[in-house]
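Chains as they are written, first to last, in my numbering: chain A, 1 to 144; chain B, 1 to 336; chain C, 1 to 496.
Calculated directly from the structure, the hints in this document are not laboratory data.
Any given hint could turn out to be false.
Chain A regions said to be covered by chain C (calculated; three or more residues, Cβ under 8 Å) [unchecked claim]: (1) 16-24; (2) 44-53; (3) 72-83.
Heads up, incomplete: computed chain A residues facing chain C, CB under 10 Å, no partners named [stated by the list, open to error]: (4) Phe2; (5) Leu6; (6) Trp10; (7) Leu36; (8) Val93; (9) Thr98; (10) Met99; (11) Leu103; (12) Trp111; (13) Thr113; (14) Ala136; (15) Leu137; (16) Gly140; (17) Pro141.
Every residue gets a Cβ at the ideal spot worked out from N, C-alpha and C, and that includes glycine.
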Amino acid sequence: MFERTLNVFWIVFGAASAVYAWSLGMVGPAGPESGLFPFIASVIVSGAGIILLLRPSSAAPDFPRGGGLWRVLGVIAGLVVMAAGMPYLGFSVTSFITMIILLRAVDQSSWLTAVSLAFISTASVFWLFGQMLGMALPRGPWGW
Amino acid sequence: MKWAGIAYALVIALLSTPAGAQSDPKAELAKLKPKDFPTQPIEFTVVYPAGGGMDVSARLLAKTVENLSGDRIIVNNRTGGAGMVGHSYLATQAKPDGYTVGVIASLLWGDAMLRAQGRWAYTDLEPIAYVNSDALIWVGSTEGPYKGMSIKDIVNAAKEKPNTIRVAIVPGSMWEYILDQIEANSGAKFLRVPFQGGGAGITALIGGNVDIAQGFFSEFRGYLEGGKVAPLAVASGSRMDFLKDMPTFNEAFGSNEYLWQLVRYAVVPKGTPADRKAYLAAAVQAAMKDPELIAEYRKQGVFFDPKLQNSKDLAADLNAYADVERQFYVKTGRLK
Amino acid sequence: MEAVNGLLTGFGVILTPSNLYLCFLGSLIGTLVGVLPGVGPLAALALLLPVTFTLSPVGGLVMLSSIFYGAMYGGSTTSILLNIPGEAASVVTCFDGHQMARQGRAGPALGIAAIGSFIAGTLGVIIMTFFAPAIAAVAIRFGPPENFALMVLGLVCTLFMISGSTIKGVLMMALGCLTAAVGLDVVNGRERYTFGSVDLSGGIELLAVVIGLFGIAEILSNVETMAKTTLLADRIRGLWPTLADWRASWRPILRGSGLGFLLGLVPGGGPVTAAFMSYALEKRIAAQPERFGKGAIEGVAGPESANNSAVAGSLIPVLSLGIPSNPVTALLLGALIIQGIQPGPLFIAQRPDLFWGIVASMYIGNVFLLLLNLPLVGLWVQFLRIPYRVMFPVVLLLCVVGTYSANKNVFDLWVMLGFGVGGYVLRKLEYDLAPFVIAFVLAPLLEQSLRQSLVMSPDGAMILIKRPVAAVLLAASAVLTYLMFRRRTKNEGGLS
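In isolation and in its complexed conformation, chain A is listed as follows:
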């Protein structure tokens, strides 16, 4: 089921991309225009999707359920928090929060382990990159 959905997705995606590439222009006076290569690639994607769709599907892949699913979603949530929060809260705070989310939700550590590990890892990464290597990690509204 998933495979068929994905194959249909390839066909649709490839087609849409091909239309867009067509609008960029195929061939101009100086040879290929901006759209030619993407057009060819899009057609290949759609074509491959069609071929795959016409094949008998193989065994259904095992998608995560139950605990596994929650853990996967937990990691994704952690990364979303990281990406969304960094520009506003700065690296240190966001990473501390993210680490706690990950350690509690995904790993089910105790609060003590979570907070201490979060603190240690955030601090060491901040020190390693921010101080030792001199990289500018985003700072929050309170300056660090």
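Following the hints, complete the assembly by docking chains B and C onto the known chain A.
What follows is chains B and C alone, placed relative to chain A:
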């Protein structure tokens, strides 16, 4: 005894007056430092990749400013989209709190006028100090069918045999615009081979894959010394000190419109507090007077535009240059 | 001989306590940087560039270049242990190296990687010593037609690498080409697939893609099946490569050294391309290619050697001509310029102390790195004993910081996440992700070179045949494609 005391006091007084004392740029700068600023490193944003011409200028500047001010400066390369990503960041996202200084080039104007689509204008960045200028130079190879020819000869050859002389360009900026001008004025037609930067074009020239390359002095200095390239003409108002025999385009063609220079200057985002802006401006300007820095820059082959160096209102003078560019875009139909 | 004289000069320059210290420091930092996922030599060099201002030119350059090849040593560590690439050039090492770790053979994998790197690095420097100017003179004539032909050959080799379904592999390659098209069209400056987004106009960052597809996706897979006490390997079977390992590895190491060196010379090449091509080569000529992806030591020995000799290869154009062939060497060039030195054709003649000092330091640096990395094998292997549940958040954090370090743009983190989820899903559906990455790397240069060639040439596409090197490479690609189809149809009874 009393006279000795008075004489002693007079001598001390004389030695402490400005006339007697050496003015120390570091001390002068320290006086302008606002309270609680800076408490963290200041970022010098460069919108081009590390190691390139702009990056080298910025890092030399950062080193000098750090020395003079004692503040920590970190050079940060925000690259992508041929500078567009970094310019947009500076104009729309960078916080105007004095911790971000953009060390940029006048390619900003092209991005703002042609590509920003109204989201920001180059006036969103306030100039605080002029750094240097680099003029676009055409170079030919010392081998091949066009060796030894002057710029006028080459343009004539391009007129006689259109679409045979290969010129390296970087699409969408001055490398292309100057060709538009030359072709419009002389009827010549060159074959434009696109590259990602001036340096790549010069590499192609040495390898015999193009006949003419365009770039800045620092990009081909090594080859010049090695006898591999021959400079043809420079797109500035007057001849360059380091290549006195090379004519300007304006000289060669009796015109005054072949002026294509990269102007490098420092900016802060609009809305930066006045005292911090003044401090940063003073810091960069003090660095620009540092003789070591000036010597390093001269080695890069940049020149210092006197009008901008002694400018009383840097923003206005730069805007005047930007307007000239705007008129070019309007005239060639790139801008409505 | 001139080269020997030069080398003696170089050793004279480098064998001072401060220069030796800087070489060692650079090697150490390089190894560390290579181990950290995402942070690669480019980020480290950019960050440490200001430090070199206070050093002598020789000292600064020695330190920077040792970071560059040091990272190639360290990069294999996380690839083998965690299936997460230390940097883009170590992606390929994940495929077989991690499988070896799961079989308890992390030690031999790490050992072969280190020793292969040493042999390749040293061989590369030896070739550099004797042939640098001659090679440079040839490399400079590589123009757009030759680049195009080389990229075509590279893509054809990628077809060899596809494990599993060929159709899915081709789909991934096409997708890689499409993703690479996002951003500015180099040839005419127009925006493609950016839909008005400024961030997209800069293109999609390779590091974000690699860390997402191979780092985040890996973590997601592992986390899904995690039990409280998951360890990555249940037992450690020996720390050193066995005789059988050596017999299997010595030829891939030599082949990787040669291939990597050549690919380092050309623009758009460098360690990343070299590693992928070496993997494809080894898989193609192996007696039993099915072993690849399941712990074949050739899949570690070849690529790890290739990425090290590619460093030496890429230093030749920059030091003897002043032409950088990838961003890292561009940075080294910038460092030289800041020090007031202009590399160009006269560099070797004008500053023999600097050139030969760097060359000599590479011999010594490779020795330092071998001495550093081999004993560390025992230490790294212990990492496998740390429960995954404690390790993965830290690794995740490092992936985030590593990706961020590329452009300091939070947008890259979203890209990383997107590719992470996508890669996770695609893995479940048995898509091979490697062709995507290699197409993503090669396609832009291929397109650019083709269009440049067509513009340059008075008779259109004929230029590709008229230039001998390009013609030869294209012919080789055609032959290889034919051979590949024959083999696939023979082995699998059809293109599955």
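Indices of hints not satisfied (ascending):
8, 12, 16, 17
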